[in-house]
Amino acid sequence: MSLEDAPEPEPGLGEVLIEVAFAGCNWADTQVRSGIYPHPYDFPVIPGMEVSGIVLGLGAGVDNLAVGDRVTALSNMGGYAEKCVAEATLVTKLPDTVGLDVGAAFPVQALTAFHMLYTVYNLKKDDVVLVHAAGGGVGLLVIQMVVNAGARVIGTVGTEGKGKMALHYGAERVVNLKQEDFVTVVNQITQGRGVDLVIDSLGAETLDRSFDAVKVLGHVINIGEAQGKPFGNIRDRVLPTSSSFTRFSISHVMPNALLWQRGMDFVLQALAENWLEIPIVQSIPMDKVRDMHRQIEGRQVAGKLLLEIAGER
25 MSLEDAPEPE
35 PGLGEVLIEV
45 AFAGCNWADT
55 QVRSGIYPHP
65 YDFPVIPGME
75 VSGIVLGLGA
85 GVDNLAVGDR
95 VTALSNMGGY
105 AEKCVAEATL
115 VTKLPDTVGL
125 DVGAAFPVQA
135 LTAFHMLYTV
145 YNLKKDDVVL
155 VHAAGGGVGL
165 LVIQMVVNAG
175 ARVIGTVGTE
185 GKGKMALHYG
195 AERVVNLKQE
205 DFVTVVNQIT
215 QGRGVDLVID
225 SLGAETLDRS
235 FDAVKVLGHV
245 INIGEAQGKP
255 FGNIRDRVLP
265 TSSSFTRFSI
275 SHVMPNALLW
285 QRGMDFVLQA
295 LAENWLEIPI
305 VQSIPMDKVR
315 DMHRQIEGRQ
325 VAGKLLLEIA
335 GER
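Here the sequence shown is numbered in our numbering, starting from 25 and rising by one per residue.
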């Protein structure tokens, strides 16, 4: 990646022009940069799909926002810039109590967590949920939502530091994948029953073995392949327990304005009630963006990294 001047974007029909305060960094951004994102972009491309900032301009047909509004938004990439455009349906005015840093830190990960738990699955009190990569950005938010619903979390991590974070946010038990077998631990805790739900962002062997940890008629949701692509045996793995499998992407929620707003309302209410915390690790200047991606790809981050552009107002 390189820092360069680019033409200023203009808002089209139904779009909003935003002066970017912060941009969130996600695993998807590293995939876009590497050219391996499931929905490829033509190069050159400006990464960044979640931003916060100030509305600078409105395209035709946008009547729910005003110039000067403080907003959080999802864009079709382009967020690592001083200005970007986003579809108005994916731009939400922020309450005064929510900082612009938080506004850039939650849309992708918090709404991914919400829709996995309440759209793909129907989280219930006393459910037991196995969360892989529990110390990552999505994992820490999943933990908080599960615990708030009166359900239980078993988390897996790769480092002691991430394990401490997962426990801090409410995980009942954390398994270090380098030291313990998570299937054995799950069977001990559930007395051989298995968990109701698995949330996996690792793929490969971890996803494959997760089918040994899920209960009869349970559900496994995969959202990433940090360890590698899923093995080609999903059908064989769901048959023994009549479990179900979903490969979830927040991109399939984004076109549905009502579904998107449902998740946004939930998260903003949770922030207002102070039971949901967005764990921001660091805000990084634009000229250090390469370092930010290295941290993400090295799986060194327990929480959220932000790219600071205009900053807080």
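These are computed hints drawn from the structure, not numbers from a lab.
Hints are supplied without guarantee of correctness; some may be wrong.
Heads up, simulated EDC-like pairs for lysine to aspartate or glutamate below, C-alpha to C-alpha not over 16 Å straight-line [what the hints assert, rightly or not]:
hint, residue 1, residue 2
1, 117, 93
2, 107, 196
3, 149, 196
4, 239, 150
Pairwise CB distance ranges (calculated) [to be verified]:
hint, residue 1, residue 2, range
5, 100, 260, 45 to 55 Å
6, 298, 117, 36 to 46 Å
7, 84, 117, 12 to 22 Å
8, 84, 240, 18 to 28 Å
9, 106, 211, 47 to 57 Å
10, 314, 253, 37 to 47 Å
11, 69, 263, 38 to 48 Å
Idealized CB from N, CA, C, for every residue including glycine.
Run the structure past the numbered hints and jot down the numbers of the failing ones, going up. Violated hints (numbers, rising): 2, 5, 6, 8 and 10; every other hint is consistent with the structure.
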